[in-house]
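Peer 1: Listed below are the residues making up each chain.
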Amino acid sequence: MKGLSVSKAVTALMLAGLVLLPLYSSLSGNIFILTLFTRIVILALAAASLNLIMGFGGMMSFGHAAYLGIGGYAVGMLAQEGVGSGFIQFPVALAASAIYALVIGALSLRTRGVYFIMITLAFAQMAYYVASGLARYGGDDGLTIYKRSDFSGLIDLSNRTQFYYLCLACLFGVIFLIWRIVNSRFGLVVQGLRSNEQRMQAIGFPAKRYQLVCFVISGTMCGLAGALLANNTDFVSPAVMYWTRSGDLMVMVILGGMGTLFGPVMGAVVYLLLEEFLSHITEYWALIMGPLLLLIVLFGRGGIMGVLGRAGRG
Amino acid sequence: MLLVVEQFLNGLQFGLLLFLLAAGLTLVFGIMDLVNLAHGSLYMMGAYFAATFAAWTGSFVLGALMALGATLVLGIVLEVTALRHLYGRDHLDHVLATFGLILFFNEAVRLIWGPAGLALPLPAWLTVPVPILPGIHYPAYRLAIIVVALLVALLLYLGVMRTRIGMLIRAGASNREMIGALGINIKLLYTLVFGLGAALAGLAGLMQAPILTVQIGMGENILILAFVIIVIGGIGSIRGAFLAAIFVGMIDTLGRAFLPNLLRQVLSGAAASTAAPALSSMLIYLLMAIVLVVRPEGLFPAHRR
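Protein chains in written order, with my numbering: chain F, 1 to 314; chain L, 1001 to 1305.
Because the hints were derived from the structure by calculation, they are not lab data.
Watch out, some of these pointers could steer you wrong.
Which bits of chain F does chain L cover? Going by a derived footprint, with three or more residues having C-beta under 8 angstroms, they are [as the list claims (entries may be wrong)]:
(1) 244 to 256
(2) 288 to 298
Output of the computed footprint for chain F on chain L, the stretches with three or more beta carbons under 8 angstroms from beta carbons of chain F [claimed, not checked]:
(3) 1018 to 1031
(4) 1223 to 1230
Chain F is nowhere near these chain L residues, computed Cβ spacing over 10 angstroms in every case [to be verified]:
(5) 1091
(6) 1117
(7) 1137
(8) 1155
Glycine included, each C-beta is placed from N, C-alpha and C at the ideal position.
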């Protein structure tokens, strides 16, 4: 068949599955699967945002989980202080993530390569320690959110199906945005910087400024995921910012296929389902997951999307 | 006065310990161009091995020596089976693969030793306070850490700068093809360097073990400090790692000890006690940010290729 590659077909199948999932859940009465997939969709959103800077921009951020925490804490802290409206909570979450990304990005982008990986990691760890020190907001133990964000009747976040569709809409919206960004002049410049920064600079593009804007956009998107995640768990704790969570996000992006539009979604679905599946088989699931990651790195070039693409070409 | 001297020595001791960890990391990065997140796992394994062997043999020193050998062997096995295949690959591949190794090691430890931590008790002769200045005593064990770490640092320096093997290591760092063409077994050299790095991490872990408990994940927080150190010191530079490690150890320890009091002078009591723990754990990251603004390549960048 021409024009319909294997990877496109699989992607379409996956997306259709995500849209129809609540139907299956209500027909089969399996509520757990809806809860599981709400989490998957939210983390897919976070992975997609990471993919924008990592896959398209070539900026290897190892501290992306910080935004999950910042978005989450914005919701949690406001709720704690009696501000329950989502119309305030969500913009604050996005703004806080954007400001953090601006500061961290401006500092981290002075470096490149492995320095950049380590610096973003260290700053995220700093955010983790700061959150652990917030005695008023639970400190180490985290903060329980007693009431989900209130969108004054427009959408009810406590309704499982509505919340799931809200998360899915956010995911699709973000992917649409990434698609527009990547194909815009701005996106082409950022991708050009990934391939050859010196050359782009020689042509006359202010490299760092472009990268910083991209970094901030990505951080803001991930902040949205953080706000959703906090609503999903009714809880936020420093643990969402722990560096292994940043590693998880990176794995999702690589596993799915870096620099592809739907790769991170695929990666999140496969990674989290695998985790769920393995943890049912054995309590020591990481014993299998760890070496599996090693094998994926060694043999699975280009992630799932890469493998599917090669299969399509036969 | 007593407190200042004691905290100063604590800072030095912590800094030297961090150096042992950072030295291995920066050596492996500088020579093999490998980012090894699992370095912290080797630190953890050193501590677990020491606790186990010390319990078997009944002797702390014997257990520590055996643990040192065991981490060396573990490092070599790790290099030969897994990490060797990552040389020359993208740094991102290193991060992911060694992230997988961390998951594996943490889970393996949980399977073998269980989720609860272990304790590594000190022998009596290491617990006595030693007079260092008239009227000032300091725990013998912490003093021993300082002495051992300084000795290792000196040996490392002499080994890398003055011996034939060290010369080969430095040559391998600047041009691997050339040294291979000259008939040196570069594979063996890399394995050796990795084993050395692992043993250094293990040494840091087993020496820290009696001060803190031996537990899963103990290597992860300290690994991030080691990252900060090599970023500050300049990646690939042992001298930079040494100075940055002492610096970070001091700032972290002194900050935690004295910042709360300093803040109390400026802020109200409640605000100070809220801000102090967060601020003192932020201190070294702020330091790193300042260094990056001034010198993006670190304070003592190794010779760039």
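Peer 1: Compare the structure with each hint and give your call.
Peer 2: Against the structure, the hints come out as follows:
1. 244 to 256: holds (count 5)
2. 288 to 298: Three-residue rule met by the region 288 to 298 of chain F, so holds; n is 9.
3. 1018 to 1031: violated (count 1)
4. 1223 to 1230: holds (count 4)
5. 1091: Check fails; 5 angstroms does not lie beyond 10 angstroms.
6. 1117: holds, 17 angstroms
7. 1137: Given that every Cβ of chain F is farther than 10 angstroms from that of residue 1137/L, nearest at about 32 angstroms, it holds.
8. 1155: Residue 1155/L clear of chain F: closest Cβ-Cβ about 27 angstroms, beyond 10 angstroms.
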